[in-house]
Amino acid sequence: MVPDGLLRDLAARSPGELAALLDARPDAVRPGTTTTAELAEALLSRAGLSRALDELSRPELDALERAVVLGAPDGPAGPLLAAPPWDRLHRLALVHRDGDALRLVPGVAEALGRYPAGLGRPHRVLAARAARLRGGEPAAPASPASPASPAEIVRWPAPVREVLERFRSRPVGLLPDALRRPDPEADAAARPVDWLLARGVLLPVDSRHVELPREFGLALRGGDPWARSPQDPPLPPGTRVPDRLRDNAAAAAVEQVLRRLAALRAELRERPLTTLRAGGIGVRELRRLRTALALEHPELVRLLGLAELAGLVELDPDTSAWRPAPAPFEDAERPEQWLHVVSSWLAADVVPSAVGLPLADGTVVGVLTRGTHSPEAPPVRRALLRAHAALAEAAPGGHGPEDVLALARWQRPRLARPLDRWGPGMLAEAAELGLVGADALSPAGRAVAAGRAEEAARAVAGWLPAPARTVLLQGDLTATATGYLAPPVARALGELADAEGHGPAARHRFTERSLHRALDAGWDPESILAWLAEHSRGPVPQALAYLVEEAGRDHGRVRITPADWVLTGEQDFLEALARSPRLAGHRLRRPAPGVLVVTGDEPGPGRRRAGPARGGTLEQLVAAVRATGTEPAMETVRPAPPPSAGDAGPDLLPQAPAPRHPGPSAEEVEDLLARLTGADDVPPPPDRTDPAGER
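In our numbering, the protein residues as written are 1 to 695.
These are computed hints drawn from the structure, not numbers from a lab.
Hints may be right or wrong, so weigh each one.
Simulated DEER-style distance windows between Cβ atoms [said to hold, decoys possible]:
id: 1; residue 1: A83; residue 2: A189; range: 49 to 55 Å
id: 2; residue 1: D243; residue 2: T482; range: 23 to 29 Å
id: 3; residue 1: T274; residue 2: L472; range: 49 to 55 Å
id: 4; residue 1: L315; residue 2: R114; range: 52 to 58 Å
id: 5; residue 1: G279; residue 2: Y546; range: 50 to 56 Å
id: 6; residue 1: E314; residue 2: H661; range: 20 to 26 Å
id: 7; residue 1: L235; residue 2: T482; range: 39 to 45 Å
id: 8; residue 1: P230; residue 2: R417; range: 15 to 21 Å
Beta carbons are placed, not taken as given, at the ideal position from N, Cα and C, and that holds for glycine.
Take these sequences, add in the hints, and give me the full structure.
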């Protein structure tokens, strides 16, 4: 039930204060809300309160926990709400003004969890539970009616104090046979646990666990567990990092991650990444991919995770293999590619760097498994970027992971556990994405942290040079591209030559096989030479021109067309093929001069003959033709060419993951404010939408 004090508090807020509330609590913006009572119900939802608590800093969370455990502070509400931390708690509608008193809104205690500040439940609650577990037996008569004082705990025997020290940071402990009958005569030195059980200082919560009541936890920690919490944010001085060094490091990281993603997709297009029967990727497949891409193992697993969360690779349900997504990601402009990957990284629940971390069952997180997924990943990433931005504002320069994590824990203490588990790896991912350069937040990273996606993309566009459209052709039949090639040039070069390595200077080698592949794809010698002349930095080497002309002369002397299998060409070549031992076991027909039809293997007795277009038969045909010194021309159905870079649009990029908690639009917030205030002209809320679509 919504308290009347909260309704009066919300009704007394000005349009500007309501706009600030909805900006801080976007989960309360619901369609159909027309009254203050409906707004209050939305603000008091358990999920909404939990998300609001996740946004509290260390002093704000401490103040709220102290109010839950010890009661709201006394004194007039006006002065309290005019200063931190109560001003922000009031702005978030976690506390409200009731006359001249300050009240907690309903549901805050439950949203904080069972153990606020690491303290157990009240003694009366635990004593009643222990009595029920022990079959209705009343609580131990020796249990004190009031909490023990710190002085009393100090006078207890040393073995007892040693046991209690284990409950200083957490109230629950493991104890086999926790429901055993208390023994008032237990010796404190020999049996300290039984001594505590007999006096109700430890109470069973099930057959294997005991809990320290809240009153004793407070006494053990001096009566105020929050007294030693840091009230000021940890802002150590930054190391000096020149802007040019920072930007160069970030730009190199952006160029490298985009190049590696393109190389990964190209490799998986040729050889998909097969999965184990139990899920995940085997060691042999990872070793093969690591060799092909020239990456270390940690770099490879993070690259695979980035490709998964950005939708650049996908699992084929029919073959259980990872293949490139069909969207031609490489044809988009590089700033758009980068922004898509970063936006996906902010919104996705995949943690690429989680591979290798331990799991509860004693195993570790595997590559491309569900173990890398966590719903806490997006808020943790945002917390890290906000901490980095706060450090850059207060203490410009470079800050190591320890400094960033310390501030993030202070700013978002309820995320401390996931920050400790995933924070270091996520900071490495941020550096690989160019959000951080030389331990300093880059301009693009600062724009992303502030939710200015377009500004971040413009910063990246300023770092990256224009795509190259020429290559260096050399007499050893290689083509070298220093830098990023324009997508149409890269596609054409990939058809004409074989890639050698995936470094910054892409290198391709022309061979007879690669040129015959291009001729199969529809090129002819004249168009190949014209393309080389147009995209070469100098004259086309004579050796390469001779190789192209020779491939053109030899290509197509024999043609293989799918049917049964139909070979056409010069009569003498076909007769030589017919006598080839490689075609033994196949039935051959000569329906016309210059035409040879080959069927599949002859069936055995009682067996049906396989279909004519078998892959094994085609491989035997190609091998037989090549044994004569001739490269066959394959007349197969060619796939439609991918769209060019000029056709840029959303189809070039895969679908980015949807945010788990999408924020409302500015129009929705303005409409709600107008309904609540009855005014047509209301102040618009600040636009803080980040690239992931969350607020």
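Evaluation of the provided hints:
| no. | hint | verdict |
| --- | --- | --- |
| 1 | A83 x A189: 49 to 55 Å | holds (50 Å) |
| 2 | D243 x T482: 23 to 29 Å | holds (26 Å) |
| 3 | T274 x L472: 49 to 55 Å | violated (37 Å) |
| 4 | L315 x R114: 52 to 58 Å | violated (39 Å) |
| 5 | G279 x Y546: 50 to 56 Å | holds (52 Å) |
| 6 | E314 x H661: 20 to 26 Å | holds (25 Å) |
| 7 | L235 x T482: 39 to 45 Å | holds (43 Å) |
| 8 | P230 x R417: 15 to 21 Å | holds (18 Å) |
Checked against the numbered hints listed earlier, the structure breaks hints 3 and 4; every other hint is satisfied.
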